[in-house]
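Construct the complete structure from the given sequences, taking the supplied hints into account.
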Amino acid sequence: MTDWSTDFDHTTDQWAARAPEIWRELRASCPVAHSDRFGGTWLPTRHRDVAAIAHDTEHFTSNSVIVADWRPEVPAPMGFAPPITSDPPFHEFARRLLLPAFAPKAIAVLEEPTRRFCAELLDDLLATGPEVDAAVGYAQHIPVRVIAHLLGVPPEDGDRFRRFIHRILERPGQAGPVDPSDLLTTYLDGVVADHRRAPRDDLVSYLIDLEVDGVRLSDEHVIGTIALLLIAGIDTTWSAIGASLWHLAQHPGDRERLVAEPELMTFAVEEFLRLYAPVTMARIVTRDTEIGGCPVTAGDWVLLPFPAANRDPEEFDDPERFVVDRERNRHAAFGLGIHRCLGSNLARLELRVAVEEWLRRVPDFELSAPESVRWSTGQVRGPRELPVRILGGG
Amino acid sequence: MRIVFDRSACVGHNRCYLLAPALFDVDDEGYAVPLVSGTVPAELESAARLAADNCPEFAITLED
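Those protein sequence lines, which keep their order, are chains A and B.
For the first sequence, position 220 matches number 220 in our numbering, and the numbering has no gaps at all.
For the second sequence, position 7 matches number 7 in our numbering, and the numbering has no gaps at all.
Worth flagging that the hints you see were computed from the coordinates, not collected in a lab.
Check before you lean on any hint, since a few could be wrong.
What the hints assert, rightly or not - Cβ pair distances, simulated, as ranges: (1) A/VAL109 to B/ALA42: 12 to 22 angstroms; (2) A/GLY39 to B/GLU63: 44 to 54 angstroms; (3) A/GLU73 to B/PHE58: 34 to 44 angstroms; (4) B/ARG2 to A/ASP123: 43 to 53 angstroms; (5) B/ASP28 to A/ARG360: 24 to 34 angstroms.
Note that the structure is predicted; figures quoted are calculated from it, not measured.
Where is the CB? At the ideal position from N, CA and C, for every residue including glycine.
The structure is reproduced here in structure tokens:
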């Protein structure tokens, strides 16, 4: 049996199958776990330790936010994918370029197209019969379509996006040799060249044309930011939608309340995000310090498991239970501190609309093969296969 | 009841804007903008409590 407190590996199926239980066991027995893997990695599980690290840019760098065997190639303070991989003070420069495009009122206009994408996907899915896969046939396509719309790339490129993401996030460094023509950076070079030839009203053209004090952004910055928008917005949201449907498939009482009292959705969305937060971030220690009393050394990796923080009984009442109308919910699903998820308003919109549209068409459903539900490995957690049976004639 | 808002702690989670739009607006970058500077009207006290209880950064506190 694996000792999770001294030898964890979050990239294994064994971990993915029962991560919430592992976090709970660790929080009670060894709240800051360690592994020698990846050159030395720490895993805090208490809300207060996760929050302290997220707020501490003096001792921890965001230069790479995905734990892997290699170390970041683009140096601080920019990193490969600004602003998520950037540190102060450059971070604020890179982030402010993007904040207006992701503020709530700018994102609200995407509700109509998002609802249309969801309705189209459901038309196709429900035509295939009462046994469907809610992750493969529905959840995974929604953010791909929304991000393609936002970036101005063809929706048919969705399969390629998912392949890049699988390599980068789920099995970092384990995919083996990749044909250069199939690299994310090669793809993005093409997207940028295409937008230079034919500018249009989307985020890629905005970044290419942007001038700050008369200076254009470097190609490295533009490509890195587009990579971020593509990678960060897809399997994260897909995971949250899938996990929410996984929950609803098993909790008819919650389904009935959301159908009968749609105004509860504001609270339910945040509760889905709390209990099924998909994203664990990472930092690298830059100066020796301590985490919850454990000394850590410059160069060590530190995982920031926001999903574990969201289940800490010190911060949340009855934390392992889904409370559809939870009124006190300071969840950290979108992180804490200066790196708060840039796309949080978009993610929240997609999750709400995806669940609303699903329940409108499919108010009654159940897991058809609970043992076949497969959870992703790595730092983004969600069901990748989710077979469900639609009840009541659909 | 009065709202005390710590602008330096706000990172734009936008939870207050969603839960209490009569008390909080957002600026063009998504940071909260309190709309009521004095006493919170009685009918908005529960909304103010929601805003305070759901701010992940503890940027909103309430004073009697």
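Evaluation of the provided hints:
no.: 1; hint: A/VAL109 to B/ALA42: 12 to 22 angstroms; verdict: 35 angstroms, violated
no.: 2; hint: A/GLY39 to B/GLU63: 44 to 54 angstroms; verdict: 49 angstroms, holds
no.: 3; hint: A/GLU73 to B/PHE58: 34 to 44 angstroms; verdict: 37 angstroms, holds
no.: 4; hint: B/ARG2 to A/ASP123: 43 to 53 angstroms; verdict: 51 angstroms, holds
no.: 5; hint: B/ASP28 to A/ARG360: 24 to 34 angstroms; verdict: 33 angstroms, holds
Violated hints amount to a single one, hint 1; each of the other numbered hints is respected by the structure.
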